Every structure is written in C-alpha cells, then in structure tokens.
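Participant: When you get a sec, could you build the whole thing from the sequences and use the hints?
Heads up: the sequence lines are chains A and B, in that order.
Letter by letter, the first sequence follows residues 1 to 442 of the UniProt record's numbering.
Letter by letter, the second sequence follows residues 1 to 442 of the UniProt record's numbering.
For the record, the hints were derived by calculation from the structure and aren't laboratory data.
There is no bait here: all hints are sound.
Because identical chains share one entry, a pair is satisfied inside a single copy or across any pair of copies.
Result set (EDC-like, lysine to aspartate or glutamate): computed pairs, CA atoms no more than 16 Å apart in a straight line:
no. : residue 1 : residue 2
1   : K2        : D326
2   : K152      : E20
3   : K152      : E28
Given the structure is predicted, the values throughout are model-derived calculations rather than measurements.
2 protein chains.
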Amino acid sequence: MKQVKLGLLGFGTVGGGTVEIINQTLSEIERRLGGYATLEIVQIAVRDLTKARSADTKNIPITNDPMAVVNNPEVDIVVELMGGTGLAKQCLETAIDNGKHIVTANKALIAEFGNELFAKAKAKNVIIAYEAAVAGGIPIIKALREGLAANKIEWLAGIINGTGNYILTEMQKPGADFAKVLKVAQDLGYAEADPTFDVEGIDAAHKLTILASIAFGIELQFDKVYTEGITKITAADIRFAQKLGYEIKHLGMASRTPNGYSLRVHPTLVPKTVLLSHVKGVMNAVMVQGNHVGPTLYNGPGAGAGPTASAVVADIIDIVRASSQDSAAQIPALGFALDQLQSAPVEPIENIKTAFYLRFYAEDHAGVLAKVTAILAKNAVSIEHLHQEPNEDNEEDATLVMITNKVLESKMNEALAELSQMSEIDTPIQRIRVDALGQKSK
Amino acid sequence: MKQVKLGLLGFGTVGGGTVEIINQTLSEIERRLGGYATLEIVQIAVRDLTKARSADTKNIPITNDPMAVVNNPEVDIVVELMGGTGLAKQCLETAIDNGKHIVTANKALIAEFGNELFAKAKAKNVIIAYEAAVAGGIPIIKALREGLAANKIEWLAGIINGTGNYILTEMQKPGADFAKVLKVAQDLGYAEADPTFDVEGIDAAHKLTILASIAFGIELQFDKVYTEGITKITAADIRFAQKLGYEIKHLGMASRTPNGYSLRVHPTLVPKTVLLSHVKGVMNAVMVQGNHVGPTLYNGPGAGAGPTASAVVADIIDIVRASSQDSAAQIPALGFALDQLQSAPVEPIENIKTAFYLRFYAEDHAGVLAKVTAILAKNAVSIEHLHQEPNEDNEEDATLVMITNKVLESKMNEALAELSQMSEIDTPIQRIRVDALGQKSK
Numbered sequence: 001m002k003q004v005k006l007g008l009l010g011f012g013t014v015g016g017g018t019v020e021i022i023n024q025t026l027s028e029i030e031r032r033l034g035g036y037a038t039l040e041i042v043q044i045a046v047r048d049l050t051k052a053r054s055a056d057t058k059n060i061p062i063t064n065d066p067m068a069v070v071n072n073p074e075v076d077i078v079v080e081l082m083g084g085t086g087l088a089k090q091c092l093e094t095a096i097d098n099g100k101h102i103v104t105a106n107k108a109l110i111a112e113f114g115n116e117l118f119a120k121a122k123a124k125n126v127i128i129a130y131e132a133a134v135a136g137g138i139p140i141i142k143a144l145r146e147g148l149a150a151n152k153i154e155w156l157a158g159i160i161n162g163t164g165n166y167i168l169t170e171m172q173k174p175g176a177d178f179a180k181v182l183k184v185a186q187d188l189g190y191a192e193a194d195p196t197f198d199v200e201g202i203d204a205a206h207k208l209t210i211l212a213s214i215a216f217g218i219e220l221q222f223d224k225v226y227t228e229g230i231t232k233i234t235a236a237d238i239r240f241a242q243k244l245g246y247e248i249k250h251l252g253m254a255s256r257t258p259n260g261y262s263l264r265v266h267p268t269l270v271p272k273t274v275l276l277s278h279v280k281g282v283m284n285a286v287m288v289q290g291n292h293v294g295p296t297l298y299n300g301p302g303a304g305a306g307p308t309a310s311a312v313v314a315d316i317i318d319i320v321r322a323s324s325q326d327s328a329a330q331i332p333a334l335g336f337a338l339d340q341l342q343s344a345p346v347e348p349i350e351n352i353k354t355a356f357y358l359r360f361y362a363e364d365h366a367g368v369l370a371k372v373t374a375i376l377a378k379n380a381v382s383i384e385h386l387h388q389e390p391n392e393d394n395e396e397d398a399t400l401v402m403i404t405n406k407v408l409e410s411k412m413n414e415a416l417a418e419l420s421q422m423s424e425i426d427t428p429i430q431r432i433r434v435d436a437l438g439q440k441s442k
Numbered sequence: 001m002k003q004v005k006l007g008l009l010g011f012g013t014v015g016g017g018t019v020e021i022i023n024q025t026l027s028e029i030e031r032r033l034g035g036y037a038t039l040e041i042v043q044i045a046v047r048d049l050t051k052a053r054s055a056d057t058k059n060i061p062i063t064n065d066p067m068a069v070v071n072n073p074e075v076d077i078v079v080e081l082m083g084g085t086g087l088a089k090q091c092l093e094t095a096i097d098n099g100k101h102i103v104t105a106n107k108a109l110i111a112e113f114g115n116e117l118f119a120k121a122k123a124k125n126v127i128i129a130y131e132a133a134v135a136g137g138i139p140i141i142k143a144l145r146e147g148l149a150a151n152k153i154e155w156l157a158g159i160i161n162g163t164g165n166y167i168l169t170e171m172q173k174p175g176a177d178f179a180k181v182l183k184v185a186q187d188l189g190y191a192e193a194d195p196t197f198d199v200e201g202i203d204a205a206h207k208l209t210i211l212a213s214i215a216f217g218i219e220l221q222f223d224k225v226y227t228e229g230i231t232k233i234t235a236a237d238i239r240f241a242q243k244l245g246y247e248i249k250h251l252g253m254a255s256r257t258p259n260g261y262s263l264r265v266h267p268t269l270v271p272k273t274v275l276l277s278h279v280k281g282v283m284n285a286v287m288v289q290g291n292h293v294g295p296t297l298y299n300g301p302g303a304g305a306g307p308t309a310s311a312v313v314a315d316i317i318d319i320v321r322a323s324s325q326d327s328a329a330q331i332p333a334l335g336f337a338l339d340q341l342q343s344a345p346v347e348p349i350e351n352i353k354t355a356f357y358l359r360f361y362a363e364d365h366a367g368v369l370a371k372v373t374a375i376l377a378k379n380a381v382s383i384e385h386l387h388q389e390p391n392e393d394n395e396e397d398a399t400l401v402m403i404t405n406k407v408l409e410s411k412m413n414e415a416l417a418e419l420s421q422m423s424e425i426d427t428p429i430q431r432i433r434v435d436a437l438g439q440k441s442k
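Facilitator: Now the structure itself:
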C-alpha cells in the first residue's frame, strides 16, 4: 500500500478542517482507495507556533517555516492553505521545483499567477489541484473540467461569494439596509473587518477568472474582469425587484460574445423562475450552460472549514489516482491542454448588451415621463416594464422603476448621462443589470 | 496520437445525440485531450437497418447485429444505448470478455445486474462507466464518487424522474388533475404510452439503487427499494401542501439508519425553503448531504438526446484518461473498492420514521376532531400543524389536513387503520410523507 505523505502550509480554519477529515473519515477514504494507498500528514507549517488549535494533530511535527515543508523530502503533496500571493507563491514554486504535487485553496494565487504556475508544473510533471479555490465544497471545477467535457460551454453565472449573498438575502427583511446587515455579517464572522474583498466583488472576480478559463479554455485574465460591488444596492431596489418578479444576486458571469468573451462581476436581477434566484444566505451556486447538456446548476456551501477541506481532500485523492497515469492523459490544469488555450479578447463592458433595471426619483407632473422615454428611445433603450409609485419621502416626487430590453452598455451610459441632465430628475440614477439566465424573458 | 475507437449499440435518441456530439464538438474535445487521443465511431448496431436517422453517420458502418460490434477487434469502447436487460446484458458480457471498456446509459441493467457486471469487469480489468444512467446530463455519479470522496455521505434525495416532476409541476395549474396532465405529457412525448415505469416510481427506483450504492459503498439492491408512485396525488393535495409552505415532489431517498440503510421512492412534501422544492418541469436534481461538506445540490436536465449523450461522451473521455492508469488506482465502479462494500441491512419502510401529511373528509360536528386526535395520540402521532376547511363538494363534511411530527411508519399504519374504522371519516385517508431535507422543521 502506497503511503501518500502530505505537508500542510497553514493551519487555520481550512487547515484544521483538513486534519479533522483525515482524522475522522480516513477509513471511509481507504474503502474508496481499496488498499491502493493511504494518506498521512507528515508536517504542518504554521505562522504562530504558540497558538492553540482545535484539530487534534496527533504528534504531527509542526514548524513555523513553510520552506521546511516544501523542502521536506518525505512530502509527496504540498497542501497550501496559507493564502496570499507572496510567500505562498514562493513556497509553491519551490515545491514544484522539488517535484511535489500541490493542492491549494488559494483563489487569488491561481487567478493572478495560475498561468505561470501551471506552465511550471507541467514542465516539472506535477499536478496543481485547486477545487477548493472556487465555491468551497461544490465540485464545480470537476463538473466543468470533466463532467461537462463533451460540451462547448456557452456561459456560466454564479453566486460565488457567500458574504455578498448573505447580505443581499438579509436585506430582504423589513427595515434592513446594507450597512446594518454588513455589521451583523461581521458580528457573525461571515464578513471580515475590512469587507472590501467580498462586497466590492474582488473575491468573486478571482473565482470567476478561474471558472471562465476552465469553461472556455482561455488563459487566466483576472485584470480583464469588469467588477462592480453590492454597496450601492438599497433595500428599496430589492423590494422593487421582488415586486417585478426578480431577486437581486451578486453574480460572476462569463459568456462568449461574437468576437471574444465577457467576464464580469456585478449585481444582477434574476427572474424568480430561475432556480439560482432561490439560493439564499451564505450558500454558493453556479449555473453552467453547455451546448449539449443545456442548463445545469451546482449548489452548496462556498466556504467554511468542512466544505473547503472536503474539496481539498477530494483533490488529494484525485492526485493519488492521477499520479499513476500517463502524464499526457492527465486532466490539464485548466481543463484544456495549455498549448490549446484560445486567445480571443475579453470585451470591455461597454460592448456588452444586457437588460437594465433603472430606478430614480422624478418630479411628479405631466411631461416628465414623456421627456424620460424620449431620451431613452433616442438612445435605443426600449422599456419592457414600467412601474411608478409615489415617493414616500417626498410627496412631490414619484419613484420610477423600469426594466429595459437588452441594450449596449455604451448606449445606456449615454442615455443615463442625458437623463442626469434633466432638472426634474434626482441623481444618481440607480442602474442594475438584468439577466434571465437563459429563460425566455417575460 | 491515440485513435480511440467506439462501437455503438443502439442508435435511437441518445445514440443519435452521441454521434452529433462527436460530429459537432470533437475539436473542443480534442483541445481538452491535447493531442493525447481522439475519438472515432467505427461501427453502429441498430435494430432496424431501414429506419431513417437524423444524425449524420458519415459512412460509419452500420449493422443490425450487436454481437458484431462487441466482437469487432477494432472497437476499444462499447457504448451501450439499446436498453433492456436481456440482449444488452449478453452483449456487455461478451464485450467484457473481449477486454473492451463499456459506457452505458442503462439504469435498469446497472441497478439489477451491476453487481455481477462490475465483478466481471474488474476481473477482466475493464472499466464500466454509467454516468448517463442517472439524472441524464447532471454529473452526479462523478460528484458522489470523486467530488465528495472526502465525505461520509449521510443521505441523498433526488428528483430523478423528469416525467413525474413534470406531472406534479403541471398539476399546480388551476383545473389540472393527474389524468389530464398525464395525457398532455404523453402528447408532448415526456411520458410513454405505458407510463408505469415513470409514474409508479420504478425508473426512479433503478436510479436510486445506483445512487445509494455509490453514496454509502453498499451493493446494488434494487429489490429492497420501497417504491410508491404518484398516481394517487390529487390537485387538492398539491394546493394544501402549498398553503402549508410545501411542494410535493416525487423523491428517491437514501439515508443511513441506526442499523442499516433506508432506500425509498415516494411522493414527499418538501418545504419551500429547500432549494430542491423549486425544481420544476422535466428537470432533475439531487441533493447530497456529506458529513464535512454539508448540503449540496446538482440540477439539470434528466433526459433527452443532448444531456444524456453529454454524459456518455464525458464517460468516454474519462475512460480514455483512466485506461492509462495503474488499474489499482482507478476509481472503482461503485466509488468504493468492490471488496470493501458494506452489507448492513436495508430497513423495511415500517421501521422508518418520517413526518406525514394526512388529508381526509370528516363529518363537521363537535367531537369528531377530539376522537381523531385521541386515536393519533394513542399511536404516538403528534400533530405539528392542523388545517380545517369546509368540503366544497359536501357541506356537511369538513376537510382536515394535518402535518404530523416524525413517527414510525408502523405506528402511523396502526393509527390510520383505527381512524379508518371511524364512521365519521371518509376513507381512504390520504397519507404523504414529509421531509424537511435537513432544514430545521418549521
């Protein structure tokens, strides 16, 4: 029986979860591996040797030098759970040089430096597995790279940041607003003290970068992702959206365009007839449209010790199996052979056509609506749905809410610039994109 | 470059879809395989040589003798899409004897004869892949065998028959009833002329058998699955369920019990707070609860040429990769090594504890409800929710609807037997199981 030896870099939430899985579920894993191999953690690198740990480390040697782990000749697989793109990258480069396979949950590292890391790994004939980097416990990387391998992926859209989805879900409750809910999320540990990474969509953009590459077979292009956060979404928007049959979700979206690809993260109105719209709280979900399979959806917890470590250990098992394979037959890191990646451009957001939700206050008298619709029409924006109601705060104003048909972002920008000039309208005008995710628009 | 040669048995809907994928998407698949291999269909067996085909067969030799394909020395992988458990089984046995790998979409064959076929395949060192046999295009077998491999699976529950889900969805519409909707489903081609396999749950039981084995690592035990169809569900039940916050779904459910396992297919009230309850129409979805990952859900089309062939071709690609592997490292057919399968008993339904929905007509006068609740209490059935309304058809009767707490099926049987003796109650009493699928009960 092969004794597969693991070296862990990082022993925080996910590191602890990984140790717990191996402590608790190794016999179940061994039933799967059927005597071919077993797993053993032989060294763990931590930042602070004095910190108390919840997981039972059972006398595994602990060091505060991660380089000691990647240089440990005993270690077969390095499990990188330290995070960051500095020291973590250095460690993984050394691990690759030393011929060790890698499992990582580090989405920033893969999204920003994956191209060079994968090339280096291929040259050294080692595997980098990163299922845990996207949507925690949901095996979405596996679904895309293997389960849907017979398809040309047309588009995908995902709730890939649990903090953002928790906030948007809680904002549905009466009296909730963004700031209040963010505070609760921070108190519950769902959001960091500095929530920028989550609420501004950077975390989601890292994950979307990875998903897009393995969906389409393109290089990782984090710098090309259009990224918009959820900080400007109001409880009123959520209420209006629901009244019109939608939920507001913070989506990472990747699609093919006539000349290339669109990669974007932004709040999106999704019709309630789409299953994805019903994903609540900290859960993640990714919808994938394949040309043969049609629409599929993968849902589960996107973070946390158990779910993320579940993906880490599944990757370890995959490496155990795959390392006995002819290396040319192994699944390429991005699902497509590195020398087969395509390089069509990522379109700027101005070239993308979507429907929009618009909300603004306007003076409530004859002629205003006519002026608004004339400006929209001039800019090729047609209205699919219009809702008007009195503004609660100011009885001389009306709240106007509309859903437009699909229009080029650049055209919408022009229309909004012109509308903003109208003295009868309060600026800024709220604008949120709308996507029916493959359902017929209503 | 390896030329992997495929022989198809059957050229109906899925066979045609498989040929179309290879015609249309081979260049995308080759980008994935990166010069390691390519696919070619070298022979197709059909039942009727004269029948017109929609897929372009591009001069692939066609025969009406399936044995010619499994004995064709050129063929590396036999793709069995003929269905049935007679000739198909014979063909696959010969294919295995000839050392050919197998891809099949045949759920009945795997559920009823998988144990012996997998043993035979292992002895001959060939792979049998069957992703297409369960939930069409959803890579649920892969998720269970690989993606969640670090987990002890606690339970799973799935909408695994699209026809049944279509019927229950359509029955929500005003004026619809089972017979009418079934007729529409038959006209649309969603249901067979003889719908027994779908509406009585036999098809779902085949799929559940397979899912349970790979979830728990137990032998395939189709004959032990408790199976109940949807023919007795009325539009009134669907309406009452919705009023109480539930949807009625026809679920295949597998769970661990204190002494073994529970395998069952029956209509189930699922709270609307559970994502699975929102899966509509012909779509399938499987919810899987792992001990580390928590709840995950996989959703997509459960049938049809494109989705099923998508799974067939993904299996072919997997075999191309896996056949270069050390055979001891290959993923076992049921996810767990065959010599590691466990054999705890499948519990009879009488030993299972679930909550129940009950609906019946009772005379609307004082004392009846007291008598009903006394009988229930005597049999350890406690009521969580009670709803009473006048019976539309008979003003002297009331309709009583209740949701009970969890109770042993055998106890519920006793309670219902006693209630049925009451002269004030119209029999039969409608009884449908209720499951919150891991959510806190409301």
